[in-house]
Amino acid sequence: MSNRPLPPSGLPERLTSRRQQMEFLRRLNKAPPQTRIQRASSIVSTMGVYVVLPVCVNYAVFVADWGEEENVFSPARRWFDRKKQAFLTLSPGEQAAAEELRASARPLSSLKPDASASTPSRP
1 MSNRPLPPSG LPERLTSRRQ QMEFLRRLNK APPQTRIQRA SSIVSTMGVY VVLPVCVNYA
61 VFVADWGEEE NVFSPARRWF DRKKQAFLTL SPGEQAAAEE LRASARPLSS LKPDASASTP
121 SRP
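Under the UniProt record's numbering, residues 1 to 123 are what the sequence shown spells out, in order.
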């Protein structure tokens, strides 16, 4: 037996402090750090969900050729074609403004430099 006197409670005194015990429990309950492979697979998986999958779905709905017959993607394609046409064409007011601008612009022949104008020579 030990020659140390027992504390008044009769229990042996603590060999570790409360802070050390809390740190031990925190480390025990904490998940181990991810390895490089686990981290890389996590990043690739996240990219697959948020980048690759939406690109594939949009390609399948709006670009892929499903034939001329009516299919489940036809209404979405018609909607997309209307939006694309509206975005890429000018409204009647914009067309009139463009024609007006085109008519008031100088012809390209007036933009050519004069032959009589001297050009600086390079040393």
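No wet-lab data here; the hints were simulated from the structure. Where a beta carbon is used, it is the ideal one built from N, C-alpha and C, also for glycine. Please note that the accuracy of each hint is not assured.
Unchecked claim - Quick list of simulated restraints, FRET-style, between CB atoms: (1) Ala40 <-> Ala98: 50 to 60 Å; (2) Phe87 <-> Ala64: 53 to 63 Å; (3) Arg27 <-> Gly48: 24 to 34 Å; (4) Phe87 <-> Cys56: 21 to 31 Å; (5) Ser74 <-> Leu28: 27 to 37 Å; (6) Thr89 <-> Trp66: 23 to 33 Å.
Here's how the hints hold up against the structure:
1. Checking the proposed 50 to 60 Å range against Ala40 and Ala98 shows it holds: the Cβ atoms sit about 52 Å from each other.
2. Taking the beta carbon of each, Phe87 and Ala64 are about 22 Å apart, not inside 53 to 63 Å as hinted.
3. A C-beta distance of roughly 33 Å is found between Arg27 and Gly48, which places it inside the suggested range of 24 to 34 Å.
4. Separation of Phe87 from Cys56 is about 24 Å and conforms to the stated range, judged on CB atoms against 21 to 31 Å.
5. A hinted range of 27 to 37 Å for the beta carbons of Ser74 and Leu28 is inconsistent with their spacing of about 59 Å.
6. At about 26 Å, the beta-carbon gap between Thr89 and Trp66 stays in the expected band of 23 to 33 Å.
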